[in-house]
Every structure is written in C-alpha cells, then in structure tokens.
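Which chain is which? The protein sequence lines are A and B, in order. 1 is the number of the first residue of the first sequence in my numbering; add one for each residue after it. 1 is the number of the first residue of the second sequence in my numbering; add one for each residue after it.
It cannot be assumed that every hint is accurate.
Unchecked claim - With a straight-line cut-off of 16 Å between C-alpha atoms, the simulated EDC-like cross-links for lysine to aspartate or glutamate are: (1) B:K101 - B:E154; (2) B:K301 - A:E293; (3) A:K181 - A:E127; (4) A:K374 - B:E65; (5) A:K51 - A:D145; (6) B:K278 - A:D4; (7) A:K229 - A:D67; (8) B:K55 - B:E65.
For the record, the hints were derived by calculation from the structure and aren't laboratory data.
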Amino acid sequence: MLNDFNEAQQNAVTSNSPSIAIVAGPGTGKTKTLVGRLSYLLIEKHIAPEKILAITFTRKAAAEIKDRLTMPLGQKTPFVGTFHSLALHILSDDAIKIADQKTLATFANKKTLREVSMLKNNLEESELVKTYNQKLFAVGMVDYDDLLLLLFKKLNHKDEIPNMEHVLVDEFQDTNPLQYKILKRLNAKNYFVIGDPKQSVYSFRGTNEKIFEEFTRDHPNTRQITLTKNYRSAPEIIKTYQTLFPQTSLLPTKTIKGEALLLDLQNEFSEATWIVNYIRNYVGGLQMQDAQESQGTFSDIAILYRTHRFKRVLEQKLQQSGIPFQVVGGGSFYEDPEIQAFISQIINKKTKFKSLLSAIDILLSASLKKEELKSNVSRFGNGTKSVSRFLEYTSELQNHEYFDPHANCVTLSTMHASKGLEFEFVFVCGCEEGIIPSKRNDLDEERRLFYVAMSRAKKGLYLTFARRRNKRRSYKSTFLKRLEIKTLVHHSARKKRQLKLF
Amino acid sequence: MELIVDLHTHSSYARATSKQLTLENIYKWAKIKGINVISTADFTHPKWFNELYSKLELDEGGLLELKKEFTKPVDDSLPQTVKNNKVRFILSTEISNIYSKAGRVRRLHNLVIVPNFQIASEIIAQLSRIGNLNADGRPIIGMDSKELLRMTIESHPDSLFIPAHIWTPWFAMFGSNSGFDSLIEAFEELSPHIRAVETGLSSDPFMNWRLRQLDGITVVSGSDAHSLPKLAREANILNCEWDYKEIIGAIKTNDKRFVGTLEFFPEEGMYHLDGHRKCNIRLTPDETKKINGICPVCGNKLVVGVMHRVDDLADRPEGYVPKNHKIVESIVPIVEIIAETKNIKSIHSKSVTDEYDRVIASLGDDFTILRHKTSKDIAKAGFLELAIAIDKIRKKEIYIEPGYDGVYGIVKIFKPGEIKQKSGQLSFL
C-alpha cells in the first residue's frame with residue numbers, strides 16, 4: 001500500500017512514535033498522508049476503528065477523508081469529524097438544543113457575537129459572556145461554542161474519557177486553545193497532528209501558529225517530519241510564494257508547466273478589465289464574434305482579494321461581461337435567514353418528513369421563499385432520502401462558506417476563504433500597501449495569508465497591483481519587494497495617446 | 001391552417017443585436033414578413049421578462065397575444081395589405097451552455113421553449129443561481145446541456161428543448177470546435193428527449209438527412225435574427241390550429257402537421273465552407289483535407305465549416321432524400337432582392353426600404369409574395385425586376401459565393417448586365 005507515497009510521506013504513515021507532528025506545506029499531499037495513516041493503523045496495525053478519532057477543521061474535509069478511506073470488509077469507519085461533531089458524538093445522550101443564527105441574532109449583533117465566541121474559545125470569563133449565557137439559558141439552549149465547553153467539562157470526569165489509542169488532527173495550526181485543551185483531556189495513547197504553521201490565518205478565531213511548538217513542548221519526544229515535495233504548483237509559482245518564507249524549501253514537480261506574473265495596472269477598472277479579458281480569451285470567447293480555441297472553462301479560475309470590499313468593480317465588470325461567477329460567502333440563497341431557520345428546524349425536529357417537498361410545505365407554508373426553494377431543490381428528488389441529501393448539500397455549502405464546487409463558474413473569494421481550495425489559475429488582487437498586508441492585522445499573519453492565497457494556483461498565478469485605487473495613489477505591497485516574479489506593465493492605450501499629445 | 005413559425009429570434013437585450021428589436025417592432029415586422037407565430041426570445045433577461053409579462057396575455061389557444069393598447073398604434077401605421085395579419089408569440093430563450101465534458105470544453109447553444117410565464121419564472125429561478133442573466137438576453141450558463149434538457153423536460157410536459165444551429169463550429173452540438181460527434185455523447189440517457197434540432201443558416205434539411213442518428217427527429221429552422229429585417233430568414237411551415245399544444249405537438253412528433261421549412265441557401269451561411277477570415281482563405285472540405293486542415297497562410301488550424309463537418313459525421317451519401325420527406329423551400333428576403341436589383345449593398349439604405357414599403361403596400365407580406373404570388377402578378381404590380389428575381393430564385397438559377405469562418409456568403413441572383421437583358425425580353429412574361 002505504500003508504493004504511492006514518497007519517502008517523507010511513508011515515514012509519516014508508518015512511524016511508531018506515540019507523538020508525531022507533520023508539517024505539510026501546500027500541495028504536499030497532506031490529506032493523502034492522513035488517509036494513508038488511517039489505513040495503515042486499521043489494516044496493517046489492526047487497530048479497532050472505535051479506538052481511533054480523526055479530527056478535521058471542516059465537515060467537507062471529514063467527508064473527503066471518509067470518501068478516500070477504503071475500509072476492510074465488514075469494518076465500520078472510525079470517527080472522522082470536526083471538534084463540534086466530536087462533541088455531539090460524545091454528548092449524544094445529553095439533551096442539548098442548539099440555538100440557530102436567527103435566535104442568536106435576537107441576543108446581540110454580529111460583532112458582539114464574534115467577540116463572545118472568541119472569549120469562549122480562549123476560555124476567558126467576562127461580564128459580556130455571562131449576560132449572553134443567561135439569555136441562552138433562559139430559552140434552554142446552547143450555542144456552538146458551548147458544545148466544546150460542555151465537552152471539555154465532561155472530560156473532566158475520568159470515567160467519561162473515551163479510551164482512545166490514536167487521535168489524529170488535521171489542519172493542526174487551526175486548533176484554538178479550547179480545542180487543544182480538549183485534545184489533551186482525551187488523553188490518548190498516540191497523537192498524530194498534521195498541518196502547516198505557515199497557513200495559520202485564523203488568529204481572530206483564537207488560533208496561533210505557535211501551536212506546533214506547544215505540542216512539541218508537551219510531548220518532548222515528538223517525531224517531527226516535514227513534507228516538502230509539492231505536487232500542485234508549477235515551479236515558477238512555487239519559487240514566487242516561497243520567497244515569503246526563505247527558510248522553507250518546497251520541491252517542485254518539474255512536469256507542471258505554468259507561469260507567475262505581476263500585473264502592473266492603471267487602476268481597479270483596468271485591473272478588472274484585464275482579468276475579464278483574460279477569462280474571455282481562456283474560455284475561447286463568449287460570443288460568435290470573438291470565438292477561438294478554448295483552453296479551459298470558468299471553474300478553472302479564481303479571483304482572490306483581501307476583503308469583500310475590494311470585489312465591487314470586479315463583480316460589476318464580470319456582471320457586464322456575461323461571465324458566470326460565484327462569490328464564496330457572498331449572499332447565497334441558502335444563507336437567507338428564513339432558509340437557515342428552515343434548515344435548523346428540520347435538523348431539530350425529531351419527526352421524519354415524508355420528503356423534502358412536504359417539509360417545505362409544512363414549515364414554510366406562509367413564506368414567500370417557498371416556491372423559490374422548491375424550484376431550487378428539485379435535484380434532491382422526492383423520497384425520504386431527499387431530506388438527508390438536502391441537509392448534506394447545505395452543510396457542504398456552509399463548510400465552504402457557500403461555495404458550490406460543482407458549479408462551472410469563476411470563483412470570487414476572500415484570501416481567507418480560499419484555504420483548502422485549488423485552481424488552475426489564480427488572481428490575487430490588490431497587492432498594495434494597506435491592503436495586502438492589511439493595516440489592521442499582524443504583519444506575519446498577513447504574510448501567511450498571502451502565502452495561502454498564492455499557493456492555491458496550479459498553472460498560473462497573477463498578482464495585480466493597481467497604481468491608483470479609489471482615486472488615490474497606491475504603493476506596491478512590501479511583500480512584493482522580495483518576491484521573485486516577472487512584471488507585466490499594462491496601461492491603457494488611451495492613456496498612452498494622451499501622454500503623446502502632451 | 002398554414003402557419004409560419006419562427007422560434008429562434010432575439011430582443012434588444014441580447015448581445016450584438018439591434019436596438020430596434022422591441023416587442024412592438026417585432027410584432028410589426030412579423031406582419032410585414034408574414035410570420036404567424038414568433039418567439040418572444042430572451043425570456044431569461046429580467047427586464048425583458050417584465051416587459052413581456054406586462055404586454056402579453058394568453059389567448060384561448062395558449063399562445064401569447066400583444067395587448068390591444070400596444071397593437072393599435074402599430075396597426076394604424078401599416079398598409080392595408082398586411083395590417084390584418086394575425087401574430088402570436090411563444091416564450092422562448094436561447095442559452096449558451098459552456099462546460100467541460102469528457103475532458104473537453106463544450107459550448108452549445110440551446111433553445112428552451114415554455115408554455116407560460118409561471119414555467120418561465122421557475123426556469124429563471126433555477127438558472128439565476130448559477131448564471132449571470134442580466135448581462136445578455138442569451139445568457140452564458142456553466143451547466144451541462146444535458147442538465148438544461150433535464151430542467152426543461154421536468155418543467156412542463158409541453159416545454160420543448162431544441163439544440164440550436166447544431167453545425168456551427170464554435171457554439172453547437174455538432175460544432176467542429178466545441179461540440180460532440182453524437183446526440184448520445186451530448187445527452188446520454190436523456191437523448192430520446194431531443195425531439196427537434198435546428199439546422200442553422202449554413203445547413204439545410206438535405207444535409208441533416210444524411211445522418212442516421214437524426215432519423216425521426218424534426219429538423220426545424222429558425223432565423224436567429226439579430227435585427228428586424230432578418231426575422232424569419234429561416235422558419236417552419238406548420239399545418240395546424242392556432243394553438244400552443246398543437247404547434248409543440250407538431251414539432252415533437254414530426255407528424256403531418258409539420259410541413260417543412262423555409263431555408264436560407266446554406267452556402268449563404270457564414271460557416272458553410274472551411275477557411276480563415278483573417279487570412280482570406282476559403283476552402284472546400286476536399287481542399288482542406290488535402291492540406292491536413294492547416295492554413296497555408298498562417299500555419300494554424302483552419303476553421304472547419306458546416307459542410308465539412310456534416311461530411312465527417314454523415315453515414316449517407318450527399319443528395320440522399322428520405323421517402324415522405326418534409327418540404328424545403330429556399331428563400332431570399334425581399335429586402336435583399338431589392339438591394340441587389342438596385343445594386344446597393346446595405347438593406348437599410350433609404351431607396352431600398354422605400355421600394356420595400358411600396359412592394360409590401362401593393363402585394364402583401366414577404367411570404368405571400370415569395371411563396372404564393374406568380375411572377376406575372378408581381379410584374380403587373382409594377383415590380384418587373386423583383387418578378388424576374390423571384391422567378392430565378394424559384395428555379396434556383398442563382399450564384400452564391402459561399403460563406404466561411406464568420407463571413408456570410410453572397411447571393412447573386414443576376415449576372416452583370418442580366419437585369420437589363422431580361423427586362424427587355426417581354427416574352428418572359
């Protein structure tokens with residue numbers, strides 16, 4: 001079974017050390033290695049599945065791992081899921097009612113809710129949390145963060161601790177303090193953690209790239225392995241993003257052909273126009289008049305930006321061009337509060353619905369959204385299974401911040417939400433001081449974020465720098481100074497002509 | 001009842017179309033041309049949809065009728081010969097499906113025809129999730145054509161899906177550059193639901209009959225007009241009641257009610273032969289094959305036209321005609337004939353349109369003249385040159401410089417000096 005793995009991956013899969021920390025750079029086969037480790041434990045080491053826990057950062061990742069795991073005949077799959085699903089799994093006997101977004105919105109605004117969540121995940125007590133908790137308690141509900149707290153408390157009792165042989169943690173750099181404490185309390189015989197400290201970009205959720213160091217401090221004999229062979233990006237692209245962290249050395253796959261370019265453009269309008277023209281050419285024209293040989297299709301391309309604030313002009317130009325696109329986390333139909341409430345209602349209802357359509361009829365009888373939802377869900381069929389298929393789909397969307405991986409559209413996304421995705425061609429827009437890096441964030445975290453964004457690209461990486469943005473002069477990002485990348489200066493013909501006239 | 005039906009047109013909301021394509025103008029030109037049932041086109045465009053919804057209403061036959069308040073000013077402006085022509089609309093739209101299948105990018109244009117506004121709005125709701133409907137009346141949707149077919153057949157039993165201009169190189173089901181080699185490849189288990197295919201301008205039914213895989217499938221024609229004078233430059237002839245279900249039923253079953261099609265001369269179509277527009281190279285399929293499909297000027301791949309592509313996929317010889325085949329009538333729009341007799345390039349020039357107005361006012365709509373008036377009648381009404389031209393078209397005594405790589409073919413009805421010579425021959429009448 002080990003033929004498909006390179007040497008470092010093999011070492012990671014087969015190590016006998018009770019604590020293993022794998023640093024897996026972008027495109028180095030992290031998921032493959034984790035799945036390999038699970039198979040190795042189950043098949044070669046004959047560990048019983050119920051003695052294994054695999055914890056992932058998203059439900060999507062859990063689904064992917066389960067999908068790729070081939071189990072020996074007759075054996076059930078070990079637990080693979082997020083910390084939250086682990087909590088639900090262990091607390092399954094306790095009667096818990098989880099508040100949906102709509103209920104929470106009546107307690108506090110979005111900003112306060114984020115603050116509360118941050119405090120809870122850092123195990124910090126405060127007046128704010130106290131009053132908020134009282135409101136929750138009054139309606140007999142808990143929130144998502146409380147699930148972890150409840151789990152943490154439960155594990156305080158020795159006889160409640162599940163007797164685990166192996167605990168594996170994916171995207172370990174995203175583990176927050178509360179989650180790490182839970183990991184410790186699980187008190188498993190063996191820990192296997194895998195991730196990339198350079199891709200830790202969630203400090204606003206309480207995570208910290210130093211978590212790997214903490215782990216090795218807590219487990220002094222940790223076997224540390226670094227995966228360096230990159231299978232995703234063309235050598236030119238790796239060379240570019242690697243300069244952000246000169247001490248790392250990813251080894252490229254020479255057979256992947258591609259390019260990395262810095263586009264030096266006039267302003268945000270020429271930036272958007274350049275990108276739209278690129279996409280039009282790439283797909284081989286949108287109309288008869290500009291038809292030509294096509295190289296690929298819309299879903300090969302992603303446009304990344306620092307925050308949604310910077311997508312306005314892009315969205316406008318794409319809209320005009322007729323190019324189909326989707327915005328990750330950008331107002332999906334399924335994010336609508338009414339639809340969200342509907343989803344949590346079916347989850348919380350113990351009674352089984354005959355079909356998804358009857359659930360819509362019953363729960364949304366008076367809603368204006370009823371027909372629209374019905375027309376949207378015809379693909380899930382009309383049997384009892386339609387309900388679970390629908391829930392699976394919406395939870396997948398939610399895990400991807402409402403990105404539908406099956407839609408053939410150009411993807412627009414924040415750099416944050418691009419984590420875990422990959423595309424043939426990636427634009428990273430607005431490589432300007434104050435945007436990338438953002439003024440409001442820690443410079444090191446911004447560097448990691450830029451690294452994540454660039455490392456999504458397989459064959460083409462295009463960084464854009466607009467000389468003027470929002471009618472103000474802008475300056476090249478400090479990150480660009482050391483970057484090894486070719487520059488293409490492209491200024492509009494009109495401007496050139498004007499210069500000649502003067 | 002004989003009906004002329006054009007189900008593939010566009011509004012002013014589609015890309016690269018005339019601003020004149022308003023609902024009232026389409027209604028007006030349908031009367032001038034003699035079209036009985038015409039597509040609303042572009043129903044997926046939100047603004048156009050609203051306009052259609054407010055100006056059209058269902059008649060007793062399930063067809064859409066322009067409300068009186070909008071028809072009156074138009075009718076008042078028309079000559080007696082055409083003002084009483086009856087015109088009805090059918091909701092239809094063209095979708096540009098761009099997607100990958102079996103490792104290649106596919107670009108297909110497909111027509112979706114629906115019975116009413118309710119069904120149309122349900123389809124719009126589904127497409128708006130994944131597509132960008134505001135930019136173009138013919139929206140680009142990153143969706144497998146097969147899924148669009150599924151969506152159409154599930155929407156209503158009387159909805160209809162027609163792959164458009166199936167031979168066009170860049171955007172069609174059998175297109176040489178981004179299509180498939182068979183219906184099955186494109187639509188898999190749903191291919192039995194393809195009941196009709198559209199010839200496009202560069203092919204005619206004769207060419208389509210050469211494919212066994214199209215046996216039993218109705219070969220329809222549509223104008224794909226991007227301006228008013230081009231409406232119904234190709235269309236269908238049906239023999240049925242003024243009834244939506246009847247019309248759709250005729251097309252789906254290909255029975256006696258579907259009489260045949262009115263056709264462009266396929267050589268006139270802009271993708272009939274092979275070649276390179278930019279390199280000024282036009283080649284027949286045989287010539288292209290001899291040089292392995294490579295352009296002798298630029299060294300790149302030639303754009304393979306419709307005739308070549310038909311030849312590649314056909315399993316019957318050229319000239320094959322099935323038993324009990326449908327009628328095929330080749331036409332040239334009257335306004336184009338007038339332009340040629342006057343030796344003027346643009347059909348929009350004033351002397352051409354003035355003469356056209358006179359012809360219509362004294363003889364009736366295009367199709368009445370082209371299909372039913374004798375050349376004697378036309379000449380008697382004072383349009384001798386037109387009479388001679390129509391006579392030549394009916395006898396197919398015309399010359400066409402075939403189109404290629406986006407260049408329209410050029411129809412020449414007369415040789416230099418021929419008009420004068422023929423006009424002198426009184427024996428002609």
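So, going through the hints one by one against the coordinates:
1. B:K101 - B:E154: Not satisfied, since the Cα-Cα distance of roughly 22 Å exceeds 16 Å.
2. B:K301 - A:E293: 10 Å, holds
3. A:K181 - A:E127: 23 Å, violated
4. A:K374 - B:E65: With a Cα-Cα distance of about 30 Å, the restraint between K374 (chain A) and E65 (chain B) is violated, given a limit of 16 Å.
5. A:K51 - A:D145: 26 Å, violated
6. B:K278 - A:D4: 50 Å, violated
7. A:K229 - A:D67: 24 Å, violated
8. B:K55 - B:E65: 8 Å, holds
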